[in-house]
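Chains as they are written, first to last, in the numbering used here: chain X, 169 to 618; chain R, 169 to 618; chain Y, 169 to 618.
If a hint is listed, it holds; no wrong ones were tucked in.
Copies of one chain are not kept apart here, so a pair can be met inside one copy or by any two copies together.
Keeping only pairs whose Cα atoms sit at most 30 Å apart, straight-line, the calculated BS3-like set for lysine-lysine is:
1. K402 with K617
2. K586 with K478
3. K402 with K478
4. K527 with K402
5. K617 with K478
6. K617 with K404
Read the hints as simulated data drawn from the structure, not as lab findings. The structure presented is a predicted model; accordingly, all values stated were derived computationally and were not measured.
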Amino acid sequence: MKLNKFIPAIAGAAIALPAIALAQEEAVPGVDASTDSIFILNTLLFLIGGFLVMWMAAGFAMLEAGLVRQKNVTMQLTKNVALFSLAAIFYYLIGYNLMYPLGSWSIGSDETGGYLGAFGPAVLEAVGIGRDAADDYGYASTGSDFFFQLMFCATTASIVSGTLAERIKLWPFLIFTIVLTALIYPIQASWKWGGGFLDSQYGFLDFAGSTVVHSVGGWAALAGALILGPRIGKYKDGRVHPYPGSNLSLATLGTFILWLGWFGFNGGSQLAMGTVGDAADVSRIFANTNTAAAGGAIAALIMTQVMYGKVDLTMVLNGALAGLVSITAEPLTPSLGAATLIGAVGGVLIVFAVPMLDKMKIDDVVGAIPVHLVCGIWGTLAVCLTNSDASFFGQIISIIIVGVFVFVVSAVVWFILKATMGIRVPEEDEITGLDMAELGMEAYPEFAKG
Amino acid sequence: MKLNKFIPAIAGAAIALPAIALAQEEAVPGVDASTDSIFILNTLLFLIGGFLVMWMAAGFAMLEAGLVRQKNVTMQLTKNVALFSLAAIFYYLIGYNLMYPLGSWSIGSDETGGYLGAFGPAVLEAVGIGRDAADDYGYASTGSDFFFQLMFCATTASIVSGTLAERIKLWPFLIFTIVLTALIYPIQASWKWGGGFLDSQYGFLDFAGSTVVHSVGGWAALAGALILGPRIGKYKDGRVHPYPGSNLSLATLGTFILWLGWFGFNGGSQLAMGTVGDAADVSRIFANTNTAAAGGAIAALIMTQVMYGKVDLTMVLNGALAGLVSITAEPLTPSLGAATLIGAVGGVLIVFAVPMLDKMKIDDVVGAIPVHLVCGIWGTLAVCLTNSDASFFGQIISIIIVGVFVFVVSAVVWFILKATMGIRVPEEDEITGLDMAELGMEAYPEFAKG
Amino acid sequence: MKLNKFIPAIAGAAIALPAIALAQEEAVPGVDASTDSIFILNTLLFLIGGFLVMWMAAGFAMLEAGLVRQKNVTMQLTKNVALFSLAAIFYYLIGYNLMYPLGSWSIGSDETGGYLGAFGPAVLEAVGIGRDAADDYGYASTGSDFFFQLMFCATTASIVSGTLAERIKLWPFLIFTIVLTALIYPIQASWKWGGGFLDSQYGFLDFAGSTVVHSVGGWAALAGALILGPRIGKYKDGRVHPYPGSNLSLATLGTFILWLGWFGFNGGSQLAMGTVGDAADVSRIFANTNTAAAGGAIAALIMTQVMYGKVDLTMVLNGALAGLVSITAEPLTPSLGAATLIGAVGGVLIVFAVPMLDKMKIDDVVGAIPVHLVCGIWGTLAVCLTNSDASFFGQIISIIIVGVFVFVVSAVVWFILKATMGIRVPEEDEITGLDMAELGMEAYPEFAKG
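Next up, chain X with everything else stripped away, as it sits in the complex:
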């Protein structure tokens, strides 16, 4: 997303610049829009986009609290608040400069494409700067950029918590969150958005993160799910036992929150709002993002009616999210019709992916792997359908490189955690529920159990 920041440095190199960078570039020398207003409006876009994406943390919390069983709700809420907070702290301490080294690569360089960014905490601009003191006057304030980018890192961590719910211990999960937000996410994100090798060598296009955010969360979750194992009784006697979510109102609320937040997620990733072209592009993105979600929801609605004879609300909710993930790699170039269809394919995919995971005995409590990993891959490939700058090879090689990196590193971390402190709660605690066993606090202490 933030590729444009270093464009001047590589302007002479013969690299295919993605469309989003060009849009920003043409803004800088704007004739009759003051450049101050470009700085201000871009900053405003990041602040609005950032608070909308921050709100997605609440969306994940509600979605997951609604989809776990009553006995694990407090734990799920605790994990969601804690992971967001840890992401905020560790992205500040380590992640931000690792992701955006601005030329100071530890391994690699802007010319060759970097592999490992810079180490050191984020530093904001001084109070009350003038235009000369702005870190990047043609772009936006550093504070707004940090705020916005942090939220993407936190989103990645939120994806993991849902899959591993109802059986993972609190502290190992939080330690993994630290590694993910401080290292895994920023390193791979730098390869594309920080101007690293995926961007410069492969022309990888990922507008707002179908791969960089969503599939990364999905791969980390998948590694965890495989190592952690399914919940007790889930795949007993060769059958899949459904564990219905305890509160579908909350799950629906969470989905609406995510849907709303996604306008900031995708719209803000235009990275610019200060020209006629950028304003119109952000608008396209809002409209396309919305219609892709609608397409995904309706596809899942129809599919579940046709396949099961009954509409399945949790599938419809995940269908909307699937549509959102699917459009995230390219929310700008599709027409409204194409965006609807790209989202609808996502909605169809998860209707098949959810039972397929169950067949493989991979226990994903909220369906995060189908939504974020499967549709993240689909969305990344779908860029080729509407954006002629994309190459199928560049997309697929990037999906693979990111996937292998994240899956392997995550697996190593999960194995180390398992070998040292253990990652799974004792069997009796899982049966009792994590709320009473681990936290001593029920989410709904006065509501009788059915």
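Dock chains R and Y against chain X, hints included.
Below, chains R and Y alone, put in the same frame as chain X:
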């Protein structure tokens, strides 16, 4: 709301232009604000307004999920997600150009005032347009306009679902939603906001849709309620049996969400933010919208205390919504005091309208008809109190024309659906609850029933 | 926050102007940003900030509904909707001009620093003003300013309702709310933000209201709690009996809502967005506000794990809020690291303050006194750590003056209410629960009690 788009075309005609159009018109030739910035700021207003109104979809979902009985919550959530998604798709496919034909009326013309707009899907501006390529450079980007207007269409559909809850089948309801969002809403909305005959021949004023949105939802709901009939046992033995909402926390949350979203609903309907006058006007609208909601809530609070000796939370919530609907036809011209009183009258009205509907054995599960239809009419008439451009005749004739059109067409559609696929669930399913009977999925499966 | 409004009037006086005023001042004569755009962008900041802070009303409602017991949820929801509505009306009727007399002090003057503002309802600018007709063209529209400031007044009232939950009668509480929002809050707020004596004589710095909003709510709540007494059975037999909150999902949702709203609370208090420096400063504030919340949450997470061997979700939630309150007096000057630590200290403080209050048998149902009063004081003192314009003496004397005023006046009002209409529900009503006893309406009528 979007009247100004075609003002150039009718500038020579001797028509009383509403205040909002003038405000926009004076902005276009702005002397020292760059016209680029007007395009950008108007677009930004639509994007912010649009995401706030989108959020109202979650508000309706929570309000309705909180006011239905436990056994119908999953169904109500499903309907709300599905109707919003269908609105997004069918407003794109049909509704938008039907509502805003931009001179290409199928029946009528801009000069005489149109009756039926244009057919064809919405098309956004190309990626990265310059100012010359903007569809309407003096206004805002088409994408932002589409995004904003779509949300009003979806709001109209949301109103219907609450009234008909707990007994209507899923698919007939969704088919009605398609007709409403593709045809009924856009056609009548074109009469005012698309520059149709209500606007040009009657000088009808409806700033943000007390009639065009809220009463339309109310009329469609009323037609449905009459044809569908009341819930089993609701009016048994000549008495009204209250069916208390299952979750007042959700209902309150939904009300707060709607209250928040309404700032976008009314504020965005200024349609412009790029001049000093427009910015100050949007501010007036925010302040007036808020105080009208407060007036409605406090009026209902006092009324229920006085009449029943006890404050009734659901009335207070509906009182706030009543205040919001009441101010929607004219949130700009009233003073803060007048806005408070206009809202308070709305709050008083619903306290009487709710039991009156029950006396007529019209079963409205969430009180949508009192809130959106009764207060929609009141708000439309109240324009005359503070806006000298309004004529009582123009307002009342428009209320009647819109009401007759929507009620009759809706009734026809409901009758056809009833005659073909049936609209009501079997009696035993209604008693069991739609969640288990129709969807096989409870919203709160682990909470014991009281 | 609104200090800059009267700076011209006192520009000759030898007073230490706070940094926020200077930032605004330099914007007015901006060279290449049109002054129209400053008015528009500042107005936009207030509208966005205002709707975010309005959303905090929902956050308090959900937090409190989640932390009270099931039998008192409807009442808590009712109080929250009603107090916000009353704040809207009485801040309009009395509060706004009392807080911002703009030179027309009833007691005192801008030169000496005022003590009591002007009486009379708020009046907005006329519809469609030009720049010459703007009340304060170098600042923002009056409507946006009123809208934004109102939300701070309402926030103060929201703080009180949580502490006094589960035993206070509805109407006396609402009457206190009227006094608080019409008189107590505006009078003391005028001393700082209206340019009164705390600002001019003591150089008191409170950027967004650690003292002016949060500790004021806390003092009013403390006075109420002492006079009202603890809930029945809370401190029976010399032991503290915990009454767990009935719905931690709602409490978590409420916390996320407050976290989100706080970006508007602190960010909007920059009062300007129209220059490079202001845009960058608002960004710093967003980033610092977020990291302070994260610091508070993680501090409480670690502290409860260490002290009790188990993480306590309600402490983590209150820790996040504690971090937010702590950074509110100075969200601009700290670095990200300093902001994290300021928030973390807040998180530590509440872990000790909550049981300390219990030892003193002060029954604070949701922990509002630790969060808003204790951390409000801490945050106000912490200004000295990063802002060299602050004096420890000026801060502490202002804390004391505001504290004594609010506590004494609140106590008098509570005593009068107690002596006349009574403030506490009958014992049997408290045991039954306020929902059935006072309102005749349960929040969750169909959920069986455990």
